[in-house]
Amino acid sequence: MRIVTIRPDGNLSDEYAGLVSAAGAGDRAALEGLLMKAQAVAYRFSRTVCGGPTDAEDVMQDALLKTFRYVRRIRDPHAFRAWLYRTVRNACLMKRRRKSGEPARVLSLDDVLPGEEGGIGGRVSAGRSPEALAANAALRRRLSKSLQALPPSYRAIVFLREMEGLSTKQVAGILKISESNVKMRLHRARLFLRAELEDR
Amino acid sequence: MTTTHRSSRPPVECLALLGELSDYIDDELSPRERRAIDVHCRDCARCKRMIAGLRRTVSLLRRAGSSRLTPRALARARANIAHLLKN
Numbered sequence: 001m002r003i004v005t006i007r008p009d010g011n012l013s014d015e016y017a018g019l020v021s022a023a024g025a026g027d028r029a030a031l032e033g034l035l036m037k038a039q040a041v042a043y044r045f046s047r048t049v050c051g052g053p054t055d056a057e058d059v060m061q062d063a064l065l066k067t068f069r070y071v072r073r074i075r076d077p078h079a080f081r082a083w084l085y086r087t088v089r090n091a092c093l094m095k096r097r098r099k100s101g102e103p104a105r106v107l108s109l110d111d112v113l114p115g116e117e118g119g120i121g122g123r124v125s126a127g128r129s130p131e132a133l134a135a136n137a138a139l140r141r142r143l144s145k146s147l148q149a150l151p152p153s154y155r156a157i158v159f160l161r162e163m164e165g166l167s168t169k170q171v172a173g174i175l176k177i178s179e180s181n182v183k184m185r186l187h188r189a190r191l192f193l194r195a196e197l198e199d200r
Numbered sequence: 001m002t003t004t005h006r007s008s009r010p011p012v013e014c015l016a017l018l019g020e021l022s023d024y025i026d027d028e029l030s031p032r033e034r035r036a037i038d039v040h041c042r043d044c045a046r047c048k049r050m051i052a053g054l055r056r057t058v059s060l061l062r063r064a065g066s067s068r069l070t071p072r073a074l075a076r077a078r079a080n081i082a083h084l085l086k087n
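Residue numbers (our numbering), protein chains in the order written: chain A, 1 to 200; chain B, 1 to 87.
It should be emphasised that the hints constitute simulated quantities derived from the structure, not laboratory data. Any given hint could turn out to be false.
Unchecked claim - List of simulated lysine-lysine pairs, PhoX-like, C-alpha gap at most 25 Å:
no., chain 1, residue 1, chain 2, residue 2
1, A, 95, A, 66
2, A, 169, A, 37
3, A, 145, A, 95
4, A, 37, A, 66
5, A, 66, B, 48
6, A, 183, A, 66
7, B, 86, A, 183
8, A, 145, A, 183
9, B, 86, A, 37
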């Protein structure tokens, strides 16, 4: 028998919880939406924190299958999002351990972002002249390189806090470290990235 | 008069505030702590630039995070779902 618990505090509650509940009740569109979101998180996390496109596709596949299984034995829809981040992170860590080292290929945000529209560049500069577009592309490359220069544990915090919009408390819960540790590492990462992007 | 601090090493009072600048831009300081930084920045161009730079960096990261999947990854994700639900 399926047990669904809805937590009133809404911790990490979001559109994921609604999809998990609906998918668990047999809504196929919700299931497909959830599986798509899970793969998108896996892809972004893997490309930003771990490395190359092949790994990212493997991690996507892993997230897909585990999410599918999760929905079938659902207990708490609000716990799904945190569970997903932990699952994706563990899959990335396993990949890295197998390879015993950092990926040789430097992530390009051009691979992660679909282009000027909706990407970093489109909103950094008001102008869209060739010069502005070239400057934006250069900025994307610098951000990519700067992110890769951070230790993986710092990259994971930057990804969850800045790029996924989670709170300090949520990140601490997912990574199983203290909130003060999250804040300290995030601050150092921001200072490092700012210096890389603006002081050179 | 605005202090520009041309030397490479920040003054001690700037270093003392550096650790609080993330909390400042995240609006997680007490009103008193916040006011202390505001007062300092009135006369410190270096810290003002640092705060503006941190804000730009955070903004850039947040925009990067809101991006969608690439067409290739999207096609792969859709194919994965179709394959899984077919079986």
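Tested hints:
1. The suggested pairing of residue 95(A) with residue 66(A) holds, with an alpha-carbon distance near 16 Å, which does not exceed 25 Å.
2. For the hint linking residue 169(A) to residue 37(A), the alpha-carbon distance of about 22 Å falls within 25 Å, and the restraint holds.
3. A distance of roughly 21 Å separates the Cα atoms of residue 145(A) and residue 95(A); the hinted pair therefore holds under the 25 Å criterion.
4. At roughly 13 Å between alpha-carbon atoms, residue 37(A) and residue 66(A) fall within 25 Å of each other, so this suggested pair holds.
5. Note on residue 66(A) and residue 48(B): the hinted pairing is violated, with a Cα-Cα distance of about 47 Å set against a maximum of 25 Å.
6. For the hint linking residue 183(A) to residue 66(A), the alpha-carbon distance of about 30 Å lies beyond 25 Å, and the restraint is violated.
7. Of the supplied pair hints, the one linking residue 86(B) and residue 183(A) is violated, its CA atoms being roughly 44 Å apart against a limit of 25 Å.
8. Between residue 145(A) and residue 183(A), the direct Cα distance comes to roughly 22 Å. Compliance with the 25 Å bound is thereby established for this hinted pair.
9. Note on residue 86(B) and residue 37(A): the hinted pairing holds, with a Cα-Cα distance of about 19 Å set against a maximum of 25 Å.
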